[in-house]
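Listed below, chain by chain, are the residues.
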Amino acid sequence: MVDNSLHRGVEDIAVTETELSDIDGESGSLIIRGVPIEVLANNATFEESCYLLFNDRLPTEPQLARFQQRLSEHRQLPDRVATVLSQAAAEAVHPMDAVRMGVAALDFDDKPPAEQAVRLVAVVPTIVAAYWRYRAGEAPVEPRAELRHAENYLYMRTGTEPEPAVVDALEAYLIAVIDHGLNASTFVARSIVSTESDLVSAVTGAVGALKGPRHGGAPGPVLETLRTVATTGSPTATVESVLESGDRLMGFGHRVYRTRDPRAAVLASVAERLDAHTDGSTLFETASSFEEVAREKLAAHHPDRRLETNVEFYTAVVLDGIDIPPALFTPTFAVSRVVGWTTHCLEELEDPKLVRPTARYTGKRDRGWTPRSDR
Amino acid sequence: MTPSIFDPGLTATAIAETSCSNIDAENGTVHIRGYSIEAIAAKASYEEATWLLRNGRLPTTDAVESFRGALAKRRSISEPVETVLKTAAQANRSVMEALQMGLATATVNGDDTLIETSRVVSICPTIVTTYWRYREGVTPIHPDASYSHTENLWYMLTGMEPDAATVAGLETYLTTIIEHGVTPSTFAARIVGSTGADPFSAATAAVGALTGPRHGGALARIHTLLTNKDAVETPAAFVEQRLTASESIPGFGHSVYTGCDPRAEILKACATTMLENHGDRSLLNTATALEAAVHDQVAGSDHPSAPNVDFYAVVLLDALAVPPPLFPAMFAIGRTAGWMAQYLEQLESETLLRPRSQYKGPEPRSWVSRADRDAAIAGAQLEPDTLAELADAFKLLSEPSRLELLAILDQANTPLSYSTFHERSSIADKGRFNYHLRRLRGTLIANDGATYTLRAPGQRIVDRLLDGDITSSVEQVSDADREH
Chain C
1 MVDNSLHRGV EDIAVTETEL SDIDGESGSL IIRGVPIEVL ANNATFEESC
51 YLLFNDRLPT EPQLARFQQR LSEHRQLPDR VATVLSQAAA EAVHPMDAVR
101 MGVAALDFDD KPPAEQAVRL VAVVPTIVAA YWRYRAGEAP VEPRAELRHA
151 ENYLYMRTGT EPEPAVVDAL EAYLIAVIDH GLNASTFVAR SIVSTESDLV
201 SAVTGAVGAL KGPRHGGAPG PVLETLRTVA TTGSPTATVE SVLESGDRLM
251 GFGHRVYRTR DPRAAVLASV AERLDAHTDG STLFETASSF EEVAREKLAA
301 HHPDRRLETN VEFYTAVVLD GIDIPPALFT PTFAVSRVVG WTTHCLEELE
351 DPKLVRPTAR YTGKRDRGWT PRSDR
Chain R
1001 MTPSIFDPGL TATAIAETSC SNIDAENGTV HIRGYSIEAI AAKASYEEAT
1051 WLLRNGRLPT TDAVESFRGA LAKRRSISEP VETVLKTAAQ ANRSVMEALQ
1101 MGLATATVNG DDTLIETSRV VSICPTIVTT YWRYREGVTP IHPDASYSHT
1151 ENLWYMLTGM EPDAATVAGL ETYLTTIIEH GVTPSTFAAR IVGSTGADPF
1201 SAATAAVGAL TGPRHGGALA RIHTLLTNKD AVETPAAFVE QRLTASESIP
1251 GFGHSVYTGC DPRAEILKAC ATTMLENHGD RSLLNTATAL EAAVHDQVAG
1301 SDHPSAPNVD FYAVVLLDAL AVPPPLFPAM FAIGRTAGWM AQYLEQLESE
1351 TLLRPRSQYK GPEPRSWVSR ADRDAAIAGA QLEPDTLAEL ADAFKLLSEP
1401 SRLELLAILD QANTPLSYST FHERSSIADK GRFNYHLRRL RGTLIANDGA
1451 TYTLRAPGQR IVDRLLDGDI TSSVEQVSDA DREH
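First to last, the sequence lines map onto chains C and R. Following our numbering, the numbering of the first sequence begins with 1 at its first residue and continues without gaps. Following our numbering, the numbering of the second sequence begins with 1001 at its first residue and continues without gaps.
There could be a bad hint or two in this list.
Calculated from the model, a selection of chain R residues having no Cβ within reach of chain C, i.e. all distances over 12 Å [what the hints assert, rightly or not]:
| hint | residue |
| --- | --- |
| 1 | Ala1088 |
| 2 | Pro1213 |
| 3 | Arg1402 |
With a straight-line cut-off of 25 Å between C-alpha atoms, the simulated DSS-like cross-links for lysine-lysine are [unchecked claim]:
| hint | chain 1 | residue 1 | chain 2 | residue 2 |
| --- | --- | --- | --- | --- |
| 4 | C | Lys364 | R | Lys1268 |
| 5 | C | Lys111 | C | Lys353 |
| 6 | R | Lys1043 | C | Lys111 |
| 7 | C | Lys353 | R | Lys1360 |
| 8 | R | Lys1043 | R | Lys1360 |
Hints are computed from structural coordinates only; laboratory data are not their basis. Since this is a predicted model, take the numbers as computed values, not measurements. The beta carbon of each residue, even a glycine, is placed where N, CA and C say it ideally should be.
Chain C extracted, bound-state conformation:
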């Protein structure tokens, strides 16, 4: 029998061709359908970015209007999903568990895949916002058709219309993390549809993977560090104590990038604008001085490895700056990444290739059965 070569983590293997995103870890660039991420985040709306991923081109005005219309038709939460979320809130489950339940309870997997994709993108923000309101003992807020996608997400959680600067900041974040190659959650989504399963199953699986602490996209710990630094006023002391204890410095280093994560640059300028808008009430100043100290200390501590700011670092500053509670950081990531997940599924479905690797057997061989009494 042929023994396949062992690649734990499969990080040196390309398992598919894709037209969606191109990551260059050496030069630190991320291209979405031919558009550099910084260009997309600075110019596009979330809906436009979503349209670009789905259709491989930027929409004209009438196309965009029709697409926004389709999203708004499917934002509403079906009753049975609302019931599940309210019961889950009574048990105070983890918000990502609630998202998994909410998505799994959706009932449109008989629709064509492209339709499922649009509906999933439309409804995930509603699931997150409704669950959070149930958790707080409040009734969900209905989405409003005239509000944009990012605006609706904030509005459905708070019940008040957000300021344009806040919407812009959220929108830039949602665009920055919209797709990123075959991370574990996207990979599981693609693997699930490679069996020609539906997109609801795929996104349910992806939400489960995103929940895992090793996945990334969870900037909660960064926020805790920054809050400590803001209180003590001494970034150096914090960095040194983390490095001495041998722990990872949260917000630095990425599996793929050997440079500063290009999304960090996008989010740093978003954070800076937001900070200026709020008269310096965000953690931006703390974060940028911390980044400077940390880069210096990390370079001295790991001379052989370049550890630079990753996407989580300024995500914490931006999401905290627009008052998203830390418990909703990962669900907010899902609000964006559901676009990448579903587009990858549609790409996979054009020519499904069943993922069927092997594992190398290293256990015992050919044992005889021992009756229970002799054990």
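Once you've looked at the hints, dock chain R against the given chain C.
For chain R alone, coordinates are given in the frame of chain C:
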């Protein structure tokens, strides 16, 4: 790091080291933790096999008794899970969808991952039977901790005291399929486990992969085959006709085995024993006749010669009087222990599964403001090859009936059966309808079994047409022409 290897489907890659199961594809053997699958099927209870998978050795009597108790006390489901199952039953969702929803709605009770993996194994039978009883309009039955895993499954399904022969047959099925390397569903569980996520998330993803027609559908196709009038009455002629037409026969061949699937033999023997003295042997008779006919006739064709595990699973589950819609769920119930064992292996390896992809999309392009986008399309470079392709595409579309077919599918927003599709079209003549459908099938329209949907390119064309861009630009052109 630039990926050094391109391996679509990862078929040439080992993604981990495992000590769960060893499959020898050429010789057709499976060993679980070193014990042959035949020994496990004949001798182990489901609890024993699960304990073995987890611990790498056979349990003592004390160990198996205490494990049985540990599983038995974790069978109950929470209120939200009960609610989604009831709703799923009312909405006529399939059992696999219900199982997926049930698992997605269950959550961990504590921090002990090992215990939580047991809970996943324990609640799957409760989820499936609760859904099924709602579906049948009868009250769900609470699990009974005095029963073993398999006895309790039977009890919750039927409400009857489990008899020894039925439990033995069902247990043979569950242990035979308990674990089988890195299948797509198991791999999904591993990917989720590689992020450090909880066992319910992993099991949900695994069921999601099983929901696809490639697997769950196989059992249904085999059942249809074994009750097909021609297959029942004239199996040899039936097989000959299928092979001549180069059509595959469901239940034959396996993606791993080049020859026999050893599990098919086990299940065949088990079904034969069960039906020896009583019961309806018709499925078994048809299955053995088809197996013999395929065996005799495949020489010279590339059709696989040996039946796979699903082929005799259908015969056995039918002999056990399991309702056919539940067949895929019985598979999932059996496989849960394998999913959880490999989930734990991946989790403990602390290795994230994060492969790469090869980018084949457009090179970096510059931003075009919204107002300029139509102009940008007009000014784009069209190469001679592209022009020829475009002309072909327009030729295909240059027929109102075909545009109508695309529009019907877009409007329907749901897969249409052939007859509904035909009814909704204005093409009364079946031959003409078929002709246009054939031209569009595969490229713009997908035909999945008995239903039709728009493929992504078809959807894009309809979107484009509905935007009105094309007709309005053609109108502009004709106006301009008139002025000249």
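These are the hints, each one checked on the structure:
no. : hint                    : result
1   : Ala1088                 : violated (8 Å)
2   : Pro1213                 : violated (5 Å)
3   : Arg1402                 : holds (18 Å)
4   : C:Lys364 <-> R:Lys1268  : violated (28 Å)
5   : C:Lys111 <-> C:Lys353   : holds (21 Å)
6   : R:Lys1043 <-> C:Lys111  : violated (46 Å)
7   : C:Lys353 <-> R:Lys1360  : holds (17 Å)
8   : R:Lys1043 <-> R:Lys1360 : violated (53 Å)
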